[in-house]
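Single-letter residue listing:
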Amino acid sequence: MINFQYLRTTTAKSAIALLLKDKNSKFIAGGTNLIDLMKRGVTAPDKLIDINHVPLKNIEQVGNNIIIGALASNTAVAENALIKDKLPLLAMALNAGASAQLRNVATVGGNMMQRTRCGYFYDTEMPCNKRTPGSGCGAIGGFNRMHAIFGTSENCIAVHPSDMCIALIALDTTVVLANAKGERKILFKDFHRLAGDTPQLDNNLKPDEMIIRLEIPVNNLSKNSHYTKVRDRASYAFALISVAVGLEIVNNKITDVRLAMGGVAHKPWRLTESENFLKGKEATLENFEQAAKLAMKDAKGFGENDFKLKMAPNSIIEALTVAKSKA
Amino acid sequence: MRNQILKDENDRVDGIYKVTGKAKYFAEYELPGLTYGVLVTSTITKGKITSLDTKAAEKAPGVISVLSHLNKPSAPAYEQEGGPALKIFYTDKIFFNGQPIAIVVANTFERATYAASLVKATYAKESFNTDFEKAVSDASSKKLQGQPDYKRGVEDAYKTAEVSIEEEYHLPIETHNPMELHGIIADWRPNNQVTVYAKTQGVKATQGTIANVFKIPIENIQVNSEFVGGGFGMALRTWPLEIATVMASKHISKPVKVVITRMQMFTMVGNRPAAVQTIGLGAKKDGTLTGITHRAFGETSVYENFTEGVVNMAKFMYQCDNVNTQYSVVPVDLGVPIWMRGPGEATGAFALESAIDEMAHALDMDPLVFRTKNDPEKDQQRNKPFSDKNIKEAYRVGAQKIGWSERKNKHGSLVDGQWKMGYGVSIGVFNANRGRASVKGILKADGSLVLQSATSDIGPGTGTGMTLIASKLLGIPVDRIKFELGDSSLPPAPSQGGSATLSTVGSAVNDVCVSLKSTVAELAANANMDATSNFVDVLKKNNLPSIEVTKQSQAGKEREEFSMYSFSIHFVKVKVHSLTGVVKVDKIVSVGDSGTIVSPKTARSQMVGGAVGGVGMALTEESIIDHRYGRYINNNFADYHVPVNADIPEIEVHFINKPDPHINPMGAKGMGEIALIGFSAAVANAVFNATGKRIRTLPITPDKILA
Ligand SMILES: Cc1cc2nc3c(=O)[nH]c(=O)nc-3n(C[C@H](O)[C@H](O)[C@H](O)COP(=O)(O)OP(=O)(O)OC[C@H]3O[C@@H](n4cnc5c(N)ncnc54)[C@H](O)[C@@H]3O)c2cc1C
Ligand code: SF4
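Quick mapping for you: the protein sequence lines, in order, are chains D and U. Each residue of the first sequence is one higher than the one before, counting from 1 in full-length UniProt numbering. Each residue of the second sequence is one higher than the one before, counting from 1 in full-length UniProt numbering.
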């Protein structure tokens, strides 16, 4: 048996202290991703630090921010009245992910940290630069139907699989991290990374850090928000393409807009250029089509995922149209 | 024994055990001293093992034994020439990636799993091909195996018809993936006595295979398999991994349990073989079919051949004087396939029933009118009447229930925002079999009846059907009847496959009940009792605690006179999203024409399960291999998409429910296969009706709609 130590802690401080002690230790939250990776031999930590009892499950409004603790479960967030009222986009994205059983135990922090679902990453007999840097990328020239069309590198074309994170990037979220010395804040858009030359790194969390909470500014997008997820079956499947949209429309004029896409890149993909285009324009199909077109600049297929070059802009149009139509 | 919880006489007799966890599946048997086996599998696709280092594994904590071709654990049949090519642990040859090459036995499952990871193999690799489509395109010149060609009338008559179509259809590999993982517990005891707890569709078949490989008398082997958590065909043979487990138990003289992983379910226990098919159809302008050609290539393995009935349906399903078929199998370097629900007929029906729809479209005819017009009066292939066939009625019932009158012949006519709506229909047909089986009946003075047969129940509700047959004949309430199965010591019955169990074993139940009834009547007469006396009184009066009878039952001459089939008609309404390409099945109506419905509830469940399997076949299921490595990519339940509840709409099931006057005493025909056969074509036809897109390669995923 591959033995490992299991420790449970009740404060963020002690969790971080334990993490520092042993380089090959890992936090375990819901365990829905980590345990699978351990079973497949992708990772083999010496020490699991159970953080489920750390009191970071709060969901509340403080001033102009909604605060969500890193250990709040996906279900707790999605069903929270404040979230449903003020950030329905986040609730929709969460509910589009995984299954009810998984969401009940999966946490916000774990969801951000979940690793790609690329099949080569999971099979230790296959080449994969993310798992074993330098071994090659199995997906390039192989089965890459689920893979990225934006920001790819020759080292890795994997996508970040989260739905929740697509809503979070659209909502201008800030992430609060902590190490033994204290807290730091980074913008959600800077949390995840592109693969570049370091495909083994999914994000910018430092080895001595823990995710503590999210801060999401309140907005006027609630009414006209929508999360479109295109997948191979109606539930319990990762996105081929997903689109998070928030619109603020005054007299059919778009006064604020957020657009982000999932299933297309190594990180949640914010469509800034399309947003800039739409701002101040009328909420018409023509403008939506133009925004979708702008979003696809620099997109590149790898064979089996070429269909995303069409599905992505179509899904943007669909998401915008549905978001607009909400009364 | 009295089961108080039964509420409705049609309820599953074992339902309560299944939903309360009392049903015991093979892996749940706790034997004293049980050990755990884990299989080591090849990581190359083709070649030879050049070395196998098992030292680290042997030294690992808790390990009892490591078996492989190096120590050739005793299996007398494998020590001789001949027999199967893949003699596990008697060959260093690798035929496919994921082939079991060693078994590690330890005192816990976790320890065995870890030790298995320590076994290191080196190989001499050879070039290989796992790409069936490529194998087919390379194959044409080679001499292929398969089934005899069939021809009546003019070959390829479609080519000269007034209206003709010729199209190619592609099916990927599908994996059965029953919920229950495969495996076995083997307990080899002194004097060559063996007990196994198996996941099998045939306890007698498992018993026979073990007897053959280990050359011990059949009587020495006890096979138990009372509950099976789904099979869909994959448990129709005793796989090498099961032989390996028995070998291990024999070798270490301890019971050994093996339960394989979900990933191993893709490589070790068969799949629905991929297929490439061409259909040519010819018709007169008035819609009379004048030519059917069906040519098919099915996937097989290099080390063992597998064939199935892909082109059967074309030979008799439609009235047509010119029909020719051809079926060959093309080997690839993968594990040998096995029948998967609906088997080859489901593969063939996707192509034929899509083509029929394409022809109706070419003729600008309603596909239902076209089908009805070409519905045959008799079986032209065998030149015999059908024993029973009510297809026109089934079409009528289904069309009304789905709302066929809403359908427009011009595709793309029904639109709701971005959704396009369409209707599709197809037919399924499967040979209505009847084999030979024995059943023992024990009628007791306490008012109960016990029936015994070495048949199986992989899920359809065998015990329920048999109980209802007996209850009806003897007037005994269902909660006083117990049907025992899944035990090789009971009177013999065939494996559960090919939709034959109800017909085969049910007939024996019928015969046993009829015989018990006449015995009771005789006993009544002897005791000067009224002929209508209750059997309890009769037995008591005769001082008999019980009477018993065993009957063997099989088909007679009727099968020479009639052609016997079960039929199903599937109606499907879909909506297709024009921007995202998502297909949603909106409504399903399946009509079964399979004689008397003996067990209404479980029969309905069969049809519902078939429809769900059909949605999977049509829209989501595909086992994906990276042909550069010969390894499966989506070998888990997150990535191999079986439909989830959210994919399944309202399913309406209707039965014609008229007895087949010839097949068997109940007039009942099998249903397991027809529930699925043809279904995928109904979906593809509905997608075409909605969008004008004809998808000829399954599954119909959103990317194909957008292409
Ligand atoms: C079959 C299946 C289907 C799924 N489908 C979807 C889907 O459709 N959409 C989707 O978005 N997701 C899906 N998921 C993924 C699921 O959302 C993630 O597994 C889950 O969110 C991970 O959360 P967790 O708490 O269980 O993380 P864990 O498995 O406990 O941890 C994951 C990683 O995060 C680290 N970690 C956890 N908390 C912290 C913290 N506070 N600070 C620093 N590091 C931390 C752990 O050390 C670990 O490395 C699916 C998962 C499965 C198994
Ligand atoms: S895409 Fe990334 S994760 Fe997938 S095989 Fe390539 S390197 Fe590994």
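Treat the hints as calculated values from the structure; they're not laboratory data. A couple of the hints might just be wrong.
No more than 25 Å apart at the CA atoms, straight line, and that leaves these computed lysine-lysine pairs for DSS-like [said to hold, decoys possible]:
{"no.": "1", "chain 1": "D", "residue 1": "Lys-310", "chain 2": "U", "residue 2": "Lys-408"}
{"no.": "2", "chain 1": "U", "residue 1": "Lys-384", "chain 2": "U", "residue 2": "Lys-401"}
{"no.": "3", "chain 1": "U", "residue 1": "Lys-693", "chain 2": "D", "residue 2": "Lys-324"}
{"no.": "4", "chain 1": "U", "residue 1": "Lys-59", "chain 2": "D", "residue 2": "Lys-39"}
{"no.": "5", "chain 1": "D", "residue 1": "Lys-326", "chain 2": "U", "residue 2": "Lys-704"}
{"no.": "6", "chain 1": "D", "residue 1": "Lys-300", "chain 2": "U", "residue 2": "Lys-120"}
{"no.": "7", "chain 1": "D", "residue 1": "Lys-39", "chain 2": "U", "residue 2": "Lys-159"}
{"no.": "8", "chain 1": "U", "residue 1": "Lys-584", "chain 2": "D", "residue 2": "Lys-310"}
{"no.": "9", "chain 1": "U", "residue 1": "Lys-392", "chain 2": "D", "residue 2": "Lys-297"}
We went through each hint and held it up to the structure:
The straight-line distance between the Cα atoms of Lys-310(D) and Lys-408(U) is roughly 29 Å, outside the 25 Å bound, and the hint therefore fails. In summary, the hint linking Lys-384(U) to Lys-401(U) is not supported, as the alpha carbons are separated by about 32 Å, beyond the 25 Å threshold. For the hint pairing Lys-693(U) with Lys-324(D), the CA-to-CA distance comes to about 30 Å; that exceeds 25 Å, so the pair is violated. Annotation: proposed proximity of Lys-59(U) to Lys-39(D) holds, straight-line Cα distance about 22 Å (limit 25 Å).
Proposed proximity of Lys-326(D) and Lys-704(U) is contradicted: the alpha carbons are some 30 Å apart, above 25 Å. Only pairs whose Cα atoms come within 25 Å are accepted, and Lys-300(D) paired with Lys-120(U) is rejected, the gap being roughly 40 Å. Note on Lys-39(D) and Lys-159(U): the hinted pairing is violated, with a Cα-Cα distance of about 57 Å set against a maximum of 25 Å. Proximity of Lys-584(U) to Lys-310(D) is assessed by CA-CA distance (about 20 Å); at most 25 Å being required, the pair is judged to hold.
Restraint check for Lys-392(U) and Lys-297(D): the C-alpha separation of about 56 Å exceeds 25 Å, so the hint is violated.
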